[in-house]
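Keeping their order, the protein sequence lines are chains W, H and G. Residue numbers for the first sequence follow my numbering, so the first one is 1 and each next one is one higher. Residue numbers for the second sequence follow my numbering, so the first one is 401 and each next one is one higher. Residue numbers for the third sequence follow my numbering, so the first one is 678 and each next one is one higher.
The hints are simulated quantities; they were obtained by calculation from the structure and are not laboratory data. Any given hint could turn out to be false.
Said to hold, decoys possible - Cβ-to-Cβ under 7 Å is the rule here; a few derived chain G residues that face chain W:
no., residue
1, F712
2, F714
3, M758
4, A781
5, I786
6, P817
7, K820
8, V821
9, L831
10, L838
Where a beta carbon is used, it is the ideal one built from N, C-alpha and C, also for glycine.
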Amino acid sequence: MSDVSDVSTAVRATTPPAPRPRAGTLVRVGGWLVLLLVLSGLPFVVGPGLLSAGQYVMIGAVGAIGLTLVIGQAGQLSLAHAFFLLVGGTSYAVLAGETEQAGSEYIVGLGLPPLLALVGAVVISALAGFAFAPVAGRLTGIYLGVASLALVFLGFYLGQALPMLTGGAASGRNPEPFSLFGFAFSNEGYLAVLGVPFRAPERLWYLFLAFTVIAFLLARGAVRSRVGRAWRAVRDHEAAAAVMGVDVLRAKAGAFAVSAAYAGLSGVMVTLWLGLLKPDESEFGTYGLNTSIAFLAMAIIGGLGSIPGAVVGALIVYGTPQVLTLFADELGLGDTLAGFSPTVISLYVYGIAVIAVVLFEPGGLAAIGRRIAGLSARRTRSDPAPATTPRPAPPGEDRS
Amino acid sequence: MTADTARAGADARTDRADVPELRVEGVGLRFAGITALDDVSFTVRPGTVHALIGPNGAGKSSCFNVICGVYHPTAGRVRLGDTVLTGMRPHRLARLGVGRSFQNIALSQHSTVLDNVMLGRHSLTRGGFLSGGLRLPWVARQERVHARRAAEICEFLGIADRLDTPVAALPYGVAKLVDVARALAVEPRVLLLDEPAAGLNAVETAVMASTIRALRDALGISVLLVEHDMGLVMGIADRVSVLDFGRLIADGEPAVVQRDPEVVRAYLGAGDSEEQQ
Amino acid sequence: MGRRPIQLGAVTLFSTQLVALVVGLVLITAFFVAFRFTDWGIAMRAQAENREAAALMGIRSSRVTATAWLVAGALAAVAVMFIVTQDFSGTGLSRSTHAIAFAAFPAAIIGGLDSTAGAVVGGVIVGLTQALTEVYVSIPFAKVAVFLVMLVVLVVRPAGLFGTRELSRV
Ligand SMILES: Nc1ncnc2c1ncn2[C@@H]1O[C@H](COP(=O)(O)OP(=O)(O)O)[C@@H](O)[C@H]1O
Ligand SMILES: [Mg+2]
Numbered sequence: 001m002s003d004v005s006d007v008s009t010a011v012r013a014t015t016p017p018a019p020r021p022r023a024g025t026l027v028r029v030g031g032w033l034v035l036l037l038v039l040s041g042l043p044f045v046v047g048p049g050l051l052s053a054g055q056y057v058m059i060g061a062v063g064a065i066g067l068t069l070v071i072g073q074a075g076q077l078s079l080a081h082a083f084f085l086l087v088g089g090t091s092y093a094v095l096a097g098e099t100e101q102a103g104s105e106y107i108v109g110l111g112l113p114p115l116l117a118l119v120g121a122v123v124i125s126a127l128a129g130f131a132f133a134p135v136a137g138r139l140t141g142i143y144l145g146v147a148s149l150a151l152v153f154l155g156f157y158l159g160q161a162l163p164m165l166t167g168g169a170a171s172g173r174n175p176e177p178f179s180l181f182g183f184a185f186s187n188e189g190y191l192a193v194l195g196v197p198f199r200a201p202e203r204l205w206y207l208f209l210a211f212t213v214i215a216f217l218l219a220r221g222a223v224r225s226r227v228g229r230a231w232r233a234v235r236d237h238e239a240a241a242a243v244m245g246v247d248v249l250r251a252k253a254g255a256f257a258v259s260a261a262y263a264g265l266s267g268v269m270v271t272l273w274l275g276l277l278k279p280d281e282s283e284f285g286t287y288g289l290n291t292s293i294a295f296l297a298m299a300i301i302g303g304l305g306s307i308p309g310a311v312v313g314a315l316i317v318y319g320t321p322q323v324l325t326l327f328a329d330e331l332g333l334g335d336t337l338a339g340f341s342p343t344v345i346s347l348y349v350y351g352i353a354v355i356a357v358v359l360f361e362p363g364g365l366a367a368i369g370r371r372i373a374g375l376s377a378r379r380t381r382s383d384p385a386p387a388t389t390p391r392p393a394p395p396g397e398d399r400s
Numbered sequence: 401m402t403a404d405t406a407r408a409g410a411d412a413r414t415d416r417a418d419v420p421e422l423r424v425e426g427v428g429l430r431f432a433g434i435t436a437l438d439d440v441s442f443t444v445r446p447g448t449v450h451a452l453i454g455p456n457g458a459g460k461s462s463c464f465n466v467i468c469g470v471y472h473p474t475a476g477r478v479r480l481g482d483t484v485l486t487g488m489r490p491h492r493l494a495r496l497g498v499g500r501s502f503q504n505i506a507l508s509q510h511s512t513v514l515d516n517v518m519l520g521r522h523s524l525t526r527g528g529f530l531s532g533g534l535r536l537p538w539v540a541r542q543e544r545v546h547a548r549r550a551a552e553i554c555e556f557l558g559i560a561d562r563l564d565t566p567v568a569a570l571p572y573g574v575a576k577l578v579d580v581a582r583a584l585a586v587e588p589r590v591l592l593l594d595e596p597a598a599g600l601n602a603v604e605t606a607v608m609a610s611t612i613r614a615l616r617d618a619l620g621i622s623v624l625l626v627e628h629d630m631g632l633v634m635g636i637a638d639r640v641s642v643l644d645f646g647r648l649i650a651d652g653e654p655a656v657v658q659r660d661p662e663v664v665r666a667y668l669g670a671g672d673s674e675e676q677q
Numbered sequence: 678m679g680r681r682p683i684q685l686g687a688v689t690l691f692s693t694q695l696v697a698l699v700v701g702l703v704l705i706t707a708f709f710v711a712f713r714f715t716d717w718g719i720a721m722r723a724q725a726e727n728r729e730a731a732a733l734m735g736i737r738s739s740r741v742t743a744t745a746w747l748v749a750g751a752l753a754a755v756a757v758m759f760i761v762t763q764d765f766s767g768t769g770l771s772r773s774t775h776a777i778a779f780a781a782f783p784a785a786i787i788g789g790l791d792s793t794a795g796a797v798v799g800g801v802i803v804g805l806t807q808a809l810t811e812v813y814v815s816i817p818f819a820k821v822a823v824f825l826v827m828l829v830v831l832v833v834r835p836a837g838l839f840g841t842r843e844l845s846r847v
């Protein structure tokens with residue numbers, strides 16, 4: 001043991017140098033860059049159908065990242081995700097849209113620039129999440145889960161009761177297409193890159209890709225920083241977190257707000273993707289409980305707390321129905337299996353996936369990924385493995 | 401921001417002259433049907449090791465919880481210097497320089513040692529979701545400075561070689577030290593240790609004893625210590641308070657308290673005679 | 678089943694509804710008794726209180742858990758049998774019948790998850806809230822009202838009306 005005077009003197013050392021990146025880090029960064037490159041090149045290779053399916057997956061990914069933060073990192077069960085999707089979508093439609101008489105409905109709009117409307121929608125969603133703080137701060141576990149469920153039912157009701165904002169459940173309203181500095185992410189104007197015409201699907205693809213990358217990087221950075229540590233401390237031991245200086249109520253409220261902001265962005269993406277904001281007519285719809293549960297499934301399949309896991313979870317949960325629909329004819333899923341629509345089949349797929357994760361690998365795909373990475377790292381490394389190997393499958397591992 | 405500025409507040413804190421008295425004044429605490437604490441008063445004088453002992457269930461941990469603001473006392477109050485701690489929300493105490501370790505290890509099992517110890521830096525650092533998410537330059541610098549400090553603390557406790565190990569993979573004795581390291585990372589002026597040597601072997605206990613003594617002598621901070629190992633307590637404590645069924649039955653120099661008939665009776669009566677050694 | 682309504686004073690009932698009421702009351706009483714007096718009920722309550730301690734006392738955790746699920750499933754089946762009759766849903770079994778299960782959540786939560794009496798009281802509160810809101814406010818608002826009542830209860834009593842709140846010990 002070193003002498004205690006070390007502690008007081010070493011403190012006066014100058015700022016430590018920035019750590020030099022190691023070979024493993026370079027490989028990892030390279031891998032991500034290659035993936036990004038491939039995704040960027042996709043519109044030149046695949047048709048609009050698959051692109052649209054991919055966009056749907058990205059909608060799921062953004063929402064699932066937000067949910068895995070609040071559930072996996074901060075330990076707060078939220079079933080309210082679908083509600084915040086609705087808040088985000090509606091906010092965007094109202095902020096960006098025009099006031100008009102659409103059919104029988106008088107619809108309000110502020111006519112703001114789409115970028116401003118987007119930011120506004122995300123902020124409003126975050127505030128909605130924050131407003132839930134008095135409840136979130138008091139409840140834990142299943143009580144919090146069911147309490148958050150109340151928001152979904154509230155959203156269902158408000159969606160129908162406020163046609164002025166939502167356009168009503170019968171027809172909904174058309175959101176202003178997103179545009180950036182005069183460039184519209186729609187079919188407006190002719191644009192071709194390398195001979196490939198860039199219409200709405202191609203343009204939205206890049207927009208959504210940008211959203212997803214930003215959402216991903218922000219979450220990853222935050223999880224590795226002070227906020228992430230505070231969240232995990234609250235998740236693992238509330239009293240200890242408080243004693244270490246974490247304002248537990250604020251941390252919980254913050255986690256809810258961040259997750260709601262992600263859901264809000266996801267909701268804006270949904271309206272842009274559908275070209276329509278339409279509140280549900282029944283409890284099971286775009287903003288219904290089924291959506292909350294689908295996001296929950298993504299987070300669980302990916303491994304609670306893991307951000308890449310959430311993305312892969314979205315690929316499974318939202319990708320399956322899209323791909324099945326696209327290839328319904330090739331797969332012989334035409335009209336013959338009327339009861340077994342792609343949606344129903346994918347319900348089974350991710351239902352089974354969730355059960356498998358819970359039974360065999362509570363850490364989800366993230367844990368499996370870590371194990372594979374650990375194996376290959378051990379094989380390439382020359383020095384022997386550490387004497388104490390970490391336990392497998394930590395749910396909600398900090399380094400995702 | 402340099403290490404110096406990052407630690408400026410903390411440096412002032414560990415200055416011997418700046419360590420305030422911790423006064424527990426007439427504290428009472430009741431749970432449904434149980435009186436966990438009854439009119440308990442004692443003072444931890446600056447720069448001393450003060451032991452709080454008593455049979456199991458005497459109310460020692462409850463007393464810690466009252467001091468830390470985790471439990472709200474039904475009577476009395478706790479003061480740190482001129483500041484009344486009672487009624488404050490618990491997270492504010494860290495900033496005032498109260499650090500604490502837990503009887504049952506209260507770490508994030510799946511996070512690394514460094515990550516756990518860094519939690520102690522929470523009130524000494526800044527930054528929220530966006531600044532952390534964007535990894536702004538000042539956040540990265542702050543992170544480096546404080547990670548280095550956390551590493552120093554771990555080195556001081558002899559666990560620097562485990563920084564990147566998840567706590568779940570550590571032997572119990574090491575995890576216990578991580579808990580102490582995290583409490584020290586707060587840069588406390590008053591450090592509360594709840595049974596730091598419980599479950600440690602003889603060698604580890606001796607190391608813990610010298611560590612605690614070093615904290616007092618080199619940093620000049622006060623240590624309030626709950627411990628069952630009488631050898632440890634009598635060896636390092638400057639003062640001892642004894643709780644029995646929530647009441648303070650003795651308070652004084654270790655040698656005097658040890659001979660107090662009521663203390664002897666409390667321990668023998670509780671059937672924990674081996675704890676007396 | 679007979680579609681002739683039965684008149685009980687000012688209250689009109691279909692015979693299915695009457696049967697459901699009686700079956701419900703019988704089951705509730707049976708469970709009250711079972712929870713309190715049978716070994717199985719005591720084992721279940723012990724496990725709910727403290728899983729580890731119960732296991733140390735020789736209670737087979739896996740068996741208790743399995744039977745709990747079994748009973749839960751059976752009770753849901755009883756509920757569904759009544760729900761699918763025309764007198765309740767008007768349409769029989771549909772794809773969204775399982776939405777009704779979500780009415781069970783607020784009931785259990787309002788009462789407190791670890792209390793049988795709480796479940797009954799919660800059920801009554803949910804039923805009354807829904808029925809009164811349907812009559813005096815609007816049918817769409819009824820479901821929200823139930824959840825809002827639940828939120829209010831939870832904010833005031835975070836473990837429900839009859840639930841016991843766990844204080845974290847450190
Ligand atoms: N959160 C709580 N709820 C109810 N009783 C408690 C709680 N915390 C402590 N107690 C009771 O208070 C008494 C003192 O406990 P504690 O302070 O943990 O004792 P010690 O640390 O001295 O062994 C015990 O009887 C214990 O059961
Ligand atoms: Mg104790």
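Right, here's what the structure says about each hint:
no., hint, verdict
1, F712, "violated (20 Å)"
2, F714, "violated (28 Å)"
3, M758, "violated (22 Å)"
4, A781, "violated (10 Å)"
5, I786, "holds (5 Å)"
6, P817, "holds (6 Å)"
7, K820, "holds (5 Å)"
8, V821, "holds (4 Å)"
9, L831, "holds (5 Å)"
10, L838, "violated (12 Å)"
In this structure, the hints that do not hold are numbers 1, 2, 3, 4 and 10, in rising order.
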